[in-house]
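K.L.:
Respectively, the protein sequence lines represent chains S and W. Numbering of the first sequence is given in the numbering used here, commencing with residue 9 and proceeding in unit increments. Numbering of the second sequence is given in the numbering used here, commencing with residue 59 and proceeding in unit increments.
Take these hints with a grain of salt, some might be off.
[To be verified] Lysine to aspartate or glutamate pairs mimicking EDC-like chemistry, simulated, CA-CA at most 20 Å apart: (1) K272/S / D284/W; (2) K314/W / E241/S; (3) K314/W / E213/S; (4) K257/S / E310/W; (5) K126/S / D133/W; (6) K138/W / E68/S.
These are computed hints drawn from the structure, not numbers from a lab. Here the structure is a predicted model, which means the values were calculated and not measured.
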Amino acid sequence: MREILVISGKGGTGKTSLTGAFAHLATDKVLCDLDVDAPDLHILLSPEDHKKEDFVSGNEAVIDPDLCTGCGTCAEMCRFDAVRETGDGLYEVDPLRCEGCNVCVTFCPAQAVKFPAKHCGTWGIGETRFGPMVHARLFPGEENSGRLVSLLKQHAREVAKEKGLGTVLCDGAPGIGCPVISSLSGTDLAVIVTEPTLSGQHDLERVADLCEHFRIRPTVLVNKFDLNPEQTERIEAYCSERNYEVVAKLPHDSIVVEAMVERKVVTEMPDSPFTDTLRSAWARIEELSEQCASASK
Amino acid sequence: MIISVASGKGGTGKTTVTSSLVSVWDKPVAAVDLDVEEPNLHLFLRPEIDKVSTVDMEIPKADDAKCTHCRKCADLCSFKAITVMAETLLVFEEMCHGCGGCLAICPEDALTPGARPLGTLEEGKSGDKPYLMGRLRIGEAMSPPLMRHVKKRLDQVIGETGRDAIIDSPPGVSCPAVASVIDSDFIVLVTEPTPFGFHDFKLAWEAFTPLGKPMGVVVNRAGIGDRSVQDFCAEKGLPILAEIPFDRAVAEGYSKGQVVAEVSDDLKRVFESLRDAIRREAAHA
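Could you put the whole structure together from the sequences, leaning on the hints where they help?
P.N.:
Here's what the structure looks like:
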């Protein structure tokens, strides 16, 4: 089994549109949307869920006003400024700031702080026209997205094992923080989608460093390369210096948004130079991931 | 007044709006990049950074010799960052959220304050405007503590000079995004009129509405996709403060690191009227 992760360091580079097309082109795969914060892949793939579960993770402090004596120990000890006075000499926890660390619960002399488990989102397994898909939605404002990412990957691997599928294809989260670090774990090949902008290059370099940090081989796909050919050249130079293969350069093409509006992936649109390039890019990604997967065994 | 520029997801034009607003803001203003995972604002505002400081987070340092293996620390820790394994006290630094609970509870002083670097706080000037940014260390998972640090410094800057601040917030709607906008006076929500953009926009609206802050919308790349964002805003009574037309000149200017408000007079007028609309909406709130 091999795992391919599409990431971008930042949003808006076309990661999900390209993952959708790869989902169409790949044979034998389970799909997984790891961008639990703002998942979009389901918009293109319309999964019909046959399994749906709550994601419960961590705890949240809640002060019982009947037991609170107003001593203020909780507010004094909270490092997240999550406890505030209510005005009548009692205290309450701001759920948006609470990290669920347990400190106020432990140190409250009146044992007035309850610590219920937190329902942070939902996750499910569904069937799409391109195969099974594991996906989730974190409730807005929730944390623990790293844990939810790990859980999704674990289920995607199980589905692959059960159904004898050879590839786990993941749409990663943007950024380089907690959910991305979780996304990278167990990945054979990271496909970094970038665009020829100053920020695109900056973010590419940071996410490539992150891949190297975790010893995962990155390969690069430059989207909208014709928006700034000079910047594209700089990205290519950076890649060749770092020994990253650029698997494709895709032009800025309205076909991507047109497909999205029709809830289709780009390769379901009529053939064009854009879709041809995409097909050869996918063929190359498959080869590279095969090499990486066998090298790690 | 602190204005946070946020978006349900990345790539919608948050940094375009932030840098342009800073450029046309005609009152004393500070520019702040709180997107510490992928800070990009400096690529446009090109500040001269004159101070870079490392930001640490307090984490426990274990002294195994003093530990009596009572496990009180491990029982308290919600993040599994500290454990007693076969008579050894272990700290997993990367998991620690820095709540300080273990330090407070250890009866033997076997845990003392140590530090883990989160990243850097960089300060400087873009023209005559103070500029602040955080930059998360590669491999560090926790951005909110670094953001809190940048915000504390911003409070000092505002306290000293009484200026406004415009903040480029992290994308998404989870903890870093909420941590970023929670102390602002006005939230500018940037979106684009595509199915992805609309979906993420609704999530952002859901995430930020409970904060009870005045909020307005900027539709970027207006003209592509469909009208669902505009329809939703009309239904919820959310003001659309500006529409930035989809224009290859904007995309090309952005790709070169140009402040979009400085690309043409027409675009400058779009952002000046956005500035005025923000002031108007914030005053009503």
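K.L.:
Would you mind marking each hint as holding or not holding in the structure?
P.N.:
Now the hints, each set against the structure:
| no. | hint | verdict |
| --- | --- | --- |
| 1 | K272/S / D284/W | 15 Å, holds |
| 2 | K314/W / E241/S | 13 Å, holds |
| 3 | K314/W / E213/S | 17 Å, holds |
| 4 | K257/S / E310/W | 17 Å, holds |
| 5 | K126/S / D133/W | 19 Å, holds |
| 6 | K138/W / E68/S | 16 Å, holds |
The structure shown violates none of the earlier numbered hints.
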